[in-house]
Amino acid sequence: MNLSMLKADKTVKQQLTPSAKKRKNKETFEAYLYLLPSLIIFAVFTFFPAFFSMVVSTFRWNLPGKAMFIGLENYIYLFTDAIEAPIFWKSLGNTFYFAVGVPINLIISLMLALLLNRKIRGVGIFRTAFFLPTITSTAAISVVWLWLFHPAQYGLFNSILISLGIPIQSWLRDPLLAMPCLIAMGIWSGMGYNIIIFLAGLQSIPSTYYEAAKIDGANTFSLFRFITWPLLGPTMFYVLTVGIINSLKAFTEIDVMTQGGPLNATNTTAYYLYQNAFQFFQMGKASAIAVLLFLLMLLLTWIQFRFVDRSVHYE
Amino acid sequence: MSSLTMADAALKRKRVARKRLVNGAQNGVWLLVVCALAFAVMLPFIWMIVTSLKSPTEVFAYPPTWIPKEFQWSNYVEMWNEAPFGRYFMNSAIVAICVTVGQLTSCVLAAFAFARMDFKGKNTMFMIFLSTTMISSQVTLVPTYLVMRTLNWIDSYQALIVPFLANAFGVFMLRQSFRTIPKELEEAAKLDGCSRFRFLWQILIPLSKPILASQALFAFMGNWNSYQWPLIITNQDSMRTLQIGLRYFVSGEGSTQWGIYMAAALVVTLPVIVIYFLVQKTFVESMASTGLKDI
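As given, the protein sequences belong to chains A and B, one line each in that order. When you number the first sequence by our numbering, it's gap-free, plus one each residue, and the end is 315. When you number the second sequence by our numbering, it's gap-free, plus one each residue, and the end is 1295.
No lab work stands behind these hints: they were computed from the structure. No incorrect hints appear here.
List of simulated lysine-lysine pairs, DSSO-like, C-alpha gap at most 30 Å:
no. : chain 1 : residue 1 : chain 2 : residue 2
1   : B       : K1190     : A       : K24
2   : B       : K1190     : A       : K21
3   : B       : K1120     : B       : K1183
Some chain B residues judged to face chain A by a derived CB distance under 8 Å, without partners named:
no. : residue
4   : M1117
5   : L1146
6   : Q1228
Just so you know, even glycine gets a beta-carbon here, dropped at the ideal spot from N, CA and C.
I would like the entire structure built from these sequences, with the hints used as guidance.
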């Protein structure tokens, strides 16, 4: 996304005659009428909840009971309580562990995009094949992978292990393997989107650059190293940050496949939030987690905007 | 002289032939590699389809079979009896269609104001719209649930539809498209006595059909696949959407009937895949420019 597109047009300041002023006022009124439906929805379902989230985070509010103001106790509790803090820290750690899939995904997707960036008949079929997991619902994908990761010997992955002479694994039920399993599935399902973005990026590089370099005797590797890599830089950074922000939100696959288990091995902050709110019904504590998660995402978004801004100037 | 040119021509022909051969070999290797990778990526889908056609005993057979001994089509009938998938399907369709229509309407109106009108506070308003994209659904989850609880909207269609009736990404995309339509057209229409709203309705919208189609698709897909909010806001079986129905179906009690589960997973996925194949091109383009999958 180009940052300059994000700015609305500059209104030209000028002296207006009374009739023009009246017309402008009328236009302003009309414009707000057009904005009204969206504004109402945003006010009620985005801005108010975001604000209310901060308010609720300062209450002890266990449904169906009444709310009680406790100040910052929820936050202190999350970071210092003997039972709570280790789980919360673990969930933060898991969140970043899960995000490890994003750079791996980026590398794999880039290689596949380079492979698919050819003008050959039938290449579209392959693009579709890689893209299919991206449009499939995460719930359905998770159910399918739950079956692939079945811990018995008839589970597909285990049957492959047996044929290779490796002992069978319990995959999602193994605290050490559960997270890598989720990451693997995430890479598989997220690849298609990255490939589409990379292909768009690759096709925007003028072919004259490559032709000129070829005349100068550049080999395939230096073509990649000195043309593709730097020119694709901003795209890669975009994919990386958006990917990380999305991975912080991951919920569906965890809920369907592991419910945060085994032994909290896949309990990420987003899932921990859900557990607190809708399994333990502790709205105050859940809101405190939500606020912290929000700050983390805001930080990442800020980094993204800053960097993208800079790279635009650099070009 | 002539023999020299003939030799030259022969040499040239040889070189072209060799180049073609090298290219052919390269393409062959490329095709092999890509085929293998594509197969690996499609493997979970293939396994889903294969399993969905197996009988319960064959599902648990070791070593697993790649072609079912006898095709158990009854799995696809059975799933509708095992859980109220008809009801889930209807709920998903109602919600996704209402959200798509409503979201598109609010987006078109707002995008029109941003693209074609000059008003006080325009930049501030635009920043307010954009800032909503930074507030993720996780942050608003608990308070929105509390609001729904106060409104007594839990287990209702309103709760599944209303929060999604505005979308800043959609406004942004449509604004970009509306801006490309020449100002002269609007002025000409105005001279002919066309009101602003009529200009939007009769000229701008028909001219923006492709982008509207992709936005509609995007809204539909996002909503059809959405999981967390429907999970939280519905308790009764009769209000569940397909995705949630699938989840409870699979994690339910009783013996694990993977054949039926896989049939159900396929049915849940199918509408979006069908739509995808119908409008592949616009779909991929809109995906590349907006970029969110689930809500």
